[in-house]
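Got chain V; can you put chain R on it based on the hints?
Same order as they appear, the protein sequences are chains V and R.
For the first sequence, my numbering begins at 1 and goes up steadily by one.
For the second sequence, my numbering begins at 1 and goes up steadily by one.
Because the hints were derived from the structure by calculation, they are not lab data.
If you're wondering where the values come from, they're calculated on a predicted model, not measured in any experiment.
There's no promise every hint is true.
What the hints assert, rightly or not - The calculated SDA-like cross-link candidates involving lysine to any residue, where the alpha carbons are at most 20 Å apart (straight line), are:
(1) LYS209/V with LYS74/R
(2) LYS209/V with GLY27/R
(3) LYS73/R with PRO210/V
(4) LYS68/R with PRO206/V
(5) LYS338/V with GLY54/R
(6) LYS68/R with ARG148/V
(7) LYS73/R with ASP204/V
(8) LYS335/V with PHE30/R
(9) LYS74/R with SER211/V
(10) LYS539/V with PRO554/V
(11) LYS338/V with PHE58/R
(12) LYS47/R with LEU205/V
(13) LYS202/V with ARG71/R
(14) LYS335/V with ARG14/R
(15) LYS68/R with LYS295/V
(16) LYS335/V with GLY27/R
(17) LYS64/R with ASN336/V
(18) LYS209/V with LYS64/R
Unchecked claim - Short, incomplete list of chain R residues facing chain V, as computed with Cβ under 10 Å:
(19) ALA57
(20) ARG114
(21) PHE118
(22) ALA119
To be verified - A few chain R positions that, by computed beta-carbon distances, are all more than 10 Å from chain V:
(23) ARG4
(24) GLN65
(25) PRO98
(26) LEU107
(27) GLN132
(28) ARG159
(29) GLY161
No residue lacks a Cβ here, since even glycine has one placed at the ideal position from N, Cα and C.
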Amino acid sequence: MSSARATALSNNGNAPQSTPAQAGPEPMRGARILLECLIEEGADTIFGYPGGAVLHVYDELAKMRGRIRHVLVRHEQGAVHAAEGYARSTGRVGVAMVTSGPGATNTVTGLANAYMDSTPIVVISGQVPTHLIGNDAFQEADVVGITRPCTKYNYLVRDVHELATIVKEAFYLARSGRPGPVLIDLPKDVSAQSCVFSYPSKVDLPSYKPSLRGHPLQVRRAVELMTKTQKAVLYVGGGVVASDGAAELLMLAEKLNLPVTPTLMGLGAFPSGHELCLGMLGMHGTYAANMAMAKAELVVAIGARFDDRVTGKLEEFAKYATIVHVDVDPASVNKNVKVDVPIVGDAKSVLEQMLEVVPDAPPPARESWWSTLRAWQRDYPLTYRSREGVIMPQALMRMLAEITRGEAICATDVGQHQMWAAQYYPVRHGRSWLTSGGLGTMGYGLPAAMGAAFAHPRRTVLLVTGDGSFQMTLQELATCVAENLDVKVVIMNNGCLGMVRQWQELFYSRRYSEVGMRYFPDFVKLAEAYGAKGLRATKPEELRAVLEEGFATPGVVVMDVIVSEEENVYPMIPAGAAHYEIVMAPEEGAAAPEPRELA
Amino acid sequence: MKQRHVLSVLVENRFGELARVVGLFSGRGFNIDSLAVNVTLDPAFSKIVLTTRGSDAFIEQIVKQLRKLIRVKKVVELSDDRAIERELCIVTVQAAGPSARQEVERLVTLTGARVIAFAPAAFTVEASATSQEIDRFLELLRPLGIRDMVRSAPIAIARPGLETAGESVPPLGGVA
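The following block holds chain R by itself, in its conformation from the complex:
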């Protein structure tokens, strides 16, 4: 019922517009699970990628409300396998002693992550993957001792060749 949805919102790059987008959720008592904002190739526009949870009816309504915002140009849903999603995770793990260090290196190689900083007793590692893959990666590292961790909001893009995917979501006939 309350499925996870990824919405990509193309909005004019002006102060206050992010607050309007976020306000639509908070005003209805709904949570935004994650939020990423940055400029697009055209610096006059920003893209907001956000994830939320809700029934299909809620998503249909919130997408319409987003489209109704004066400065929002386009809203697409990028939830299914027609889209690619990535989230960045930076994590500092304990690595005191040769065997711990070896174990970190082994896991990093295995998962395709990357060491980006190190100290005598700790490595900082970055990984870019889907949210579920990041979850599993962190589970692998947990036994070594995680000192600190930060995750970005996931960002998403339509798969090449499927760039118009999600535009018809939610289905509504007759909107010319």
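Just chain V, with the same shape it has in the complex:
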């Protein structure tokens, strides 16, 4: 594929050819062109870290103060998660910029995270000069090769004339269809080459045509099924949030009196606390939500992808149900679960199409279905047992919900605290819940919260983290303090890697293996060392005062909340079990569930 390739590229690039200097615009360096392109795309913030291969770009950046903001992070992983937090909380494409070699390899976790959670970001990595590529040059890595399986697309820029077209395409690819991360690898010499800059007005991607609208006949079929089937449930995921379809979803659910269960990534797609909301679905979802899926005759999945943490045992998943699946990504349809009515399209657009054909009639009563659902909700609510003199993590979450009135942008890390936050924090709006769902990246939380805080200076940004996750990227505290951000960090400190400990307790006969950290820093002093405010609550009676003081203090506040070490997250569907095998929290005075060995 080589001889014709050059022709293809030159035919394809509608980048301007440099013309003899007459009148007309002056040529500019690739480094400058890159930044002009970012501004054209409406990017106002770059999260980045300089280095040798991007020196030209940072040199141009220094001349452009006031036109685009650069945030100097403390680690490249933080730059990517910050871009993700920015993107998820705004719907705009997040931008990160790093140098070659280690700078670029440090972005891999963030790219993989954004790929799994369909977050639109563009990462620009410097690369060694083209004549050194493949020579084991200083700070060289095959970044296009390394990131190929964890990006939606990636580019190696070989000529400055291609650059503007590539940036244009990168932003378009990142935000259109199923959104995702795109990487642009920019060799140092290309950023030094000059050409006349003109930004292309449209992209030309002959093989990429994501479908937005669903097939009208399939949409009609889906609506008929929703109207006729008594025991129906809407299972909604991150696609509804990503397409800003929450208002349409609410209208559809109300018009058809349908119960709704959001996934972890779908929190905020439907208002928590709404009477039609059954709570979260999946491994640590509510009893009512999981049983609704197990017993439903119709499951309508919208912008969700039948992840194994949601389906549990596939053979038992929604066994009695006809399945409608709305997804913008055709490859997600029929991947894990056989679908009866596939609809390929953007969640919001398809919801609008559904609303157009919903019959103008009073909503179906679904009396027996709702009475079953209400009984499940009443008999098996989210519960926990309080322990004397110890702060319970669930009580902490309830108090956080109360103090922030559920209006904060809530970011989490990964582990037990993430599940308690998902269960107890009432996310009422789309784009107000930032969590690492697909990849499960510990260390996502602080930089993601930081990215959101840049985009939403007037909103409360709450990070719920754990003592394990927090230590993975806590150096971004320095960035938060340096930038005068308002981020409230609540560490659910149980002194161990709680979720791993929970699995070892329940499935490995309590053989605890490397889950206690033995030493961890004094987080209050650590906050102070970073110039942030540090507070600690160790007893239930101290909790309210600490939280109130923390949220009343402007700037970065770290609240170290010492919580029960042995508390487990319930309900729990053990991995590979069916929804109806859900394990509830042990009753008052009852023994803990018998440990069972994993096969």
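Here is chain R on its own, set in the frame of chain V:
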């Protein structure tokens, strides 16, 4: 269960795109049995013809993943009798002495192969046929003594009049 499948992938002719196609297989722990790539009549596009083995569900998923690639324009399956398949084989056989030489010539005529080079004690023969026919051809030559052999990946094309064959594979309703 694990049937052989021939997939024809029309992809924009750019560096790195072949790696994306191949990566979809290697990343899932699946083998590509054979692979042929060349430009199409439109030099902006290349056609990749590859053969692999897998369950119907795997093939459905891999076809969708291939179609999802940004620079892939079209993916069709060319496995059944609606398609024609050819593979090229070049083989050097021993032919020392008149009777051996006569035997090679006889087999070559019989099978429609062609002698493309010769030396005093060996002939190099080319054959173009389906993979199974090539297998049988090599079995015929084996007793004479095969010195060296190389086979290309099979390439495939839809039969005339059936050019849209395979486009609906895998079946998936509702993809407008």
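Outcome of the hint check:
This hinted pair checks out: LYS209/V and LYS74/R have alpha carbons roughly 12 Å apart, not beyond 20 Å. Taking the CA atoms of LYS209/V and GLY27/R, the gap is near 25 Å; set against the 20 Å cutoff, the hint is violated. Proposed proximity of LYS73/R and PRO210/V is supported: the alpha carbons are some 12 Å apart, at most 20 Å. Restraint check: the Cα-Cα separation between LYS68/R and PRO206/V comes to about 13 Å, which is no more than 20 Å; the hinted pair holds.
At roughly 18 Å between alpha-carbon atoms, LYS338/V and GLY54/R fall within 20 Å of each other, so this suggested pair holds. Pair hint LYS68/R plus ARG148/V holds up; C-alpha atoms about 14 Å apart against a cutoff of 20 Å. For the given pair, LYS73/R sits about 13 Å from ASP204/V by alpha-carbon distance, which is consistent with the 20 Å threshold. Annotation: proposed proximity of LYS335/V to PHE30/R holds, straight-line Cα distance about 17 Å (limit 20 Å).
In summary, the hint linking LYS74/R to SER211/V is supported, as the alpha carbons are separated by about 15 Å, within the 20 Å threshold. Of the supplied pair hints, the one linking LYS539/V and PRO554/V is violated, its CA atoms being roughly 24 Å apart against a limit of 20 Å. Using a Cα cut-off of 20 Å, the hinted pair LYS338/V and PHE58/R holds, with the two alpha carbons roughly 13 Å apart. For the hint pairing LYS47/R with LEU205/V, the CA-to-CA distance comes to about 18 Å; that is within 20 Å, so the pair holds.
Distance check on the hinted pair: LYS202/V and ARG71/R sit about 17 Å apart at the alpha-carbon level, within 20 Å; holds. For the hint linking LYS335/V to ARG14/R, the alpha-carbon distance of about 29 Å lies beyond 20 Å, and the restraint is violated. The suggested pairing of LYS68/R with LYS295/V is violated, with an alpha-carbon distance near 34 Å, which exceeds 20 Å. As the CA atoms of LYS335/V and GLY27/R are separated by approximately 16 Å, the hinted pair is consistent with the 20 Å bound.
Using a Cα cut-off of 20 Å, the hinted pair LYS64/R and ASN336/V holds, with the two alpha carbons roughly 13 Å apart. Proximity of LYS209/V to LYS64/R is assessed by CA-CA distance (about 14 Å); at most 20 Å being required, the pair is judged to hold. For the restraint placing ALA57/R at the interface with chain V, the shortest Cβ-Cβ distance is roughly 8 Å, inside the 10 Å limit, so the hint holds. For ARG114/R, the shortest C-beta to C-beta distance to chain V is roughly 28 Å, which exceeds 10 Å, and the interface hint is violated.
Interface hint at PHE118/R: violated, since its Cβ lies 32 Å from the closest Cβ of chain V, which is beyond the 10 Å cut-off. Interface restraint check for ALA119/R: the shortest CB-CB distance to chain V comes to about 33 Å, outside 10 Å, so the restraint is violated. Listed as a non-interface residue, ARG4/R keeps its Cβ farther than 10 Å from every Cβ of chain V; the least gap is roughly 22 Å. In this structure GLN65/R is not separated from chain V by more than 10 Å, as the shortest Cβ-Cβ distance comes to only about 5 Å.
Every Cβ of chain V is farther than 10 Å from the Cβ of PRO98/R; the closest lies at roughly 46 Å, confirming the non-interface assignment. With a minimum CB-CB distance of about 37 Å to chain V, LEU107/R clears the 10 Å threshold, and the non-interface call stands. Against the 10 Å criterion, GLN132/R stays outside the reach of chain V, whose nearest CB is about 29 Å from its own CB. With a minimum CB-CB distance of about 25 Å to chain V, ARG159/R clears the 10 Å threshold, and the non-interface call stands.
Taking the minimum C-beta to C-beta distance to chain V, about 26 Å, the non-interface status of GLY161/R holds against the 10 Å cut.
The structure fails to meet hints 2, 10, 14, 15, 20, 21, 22 and 24 from the earlier list, while all remaining hints are met.
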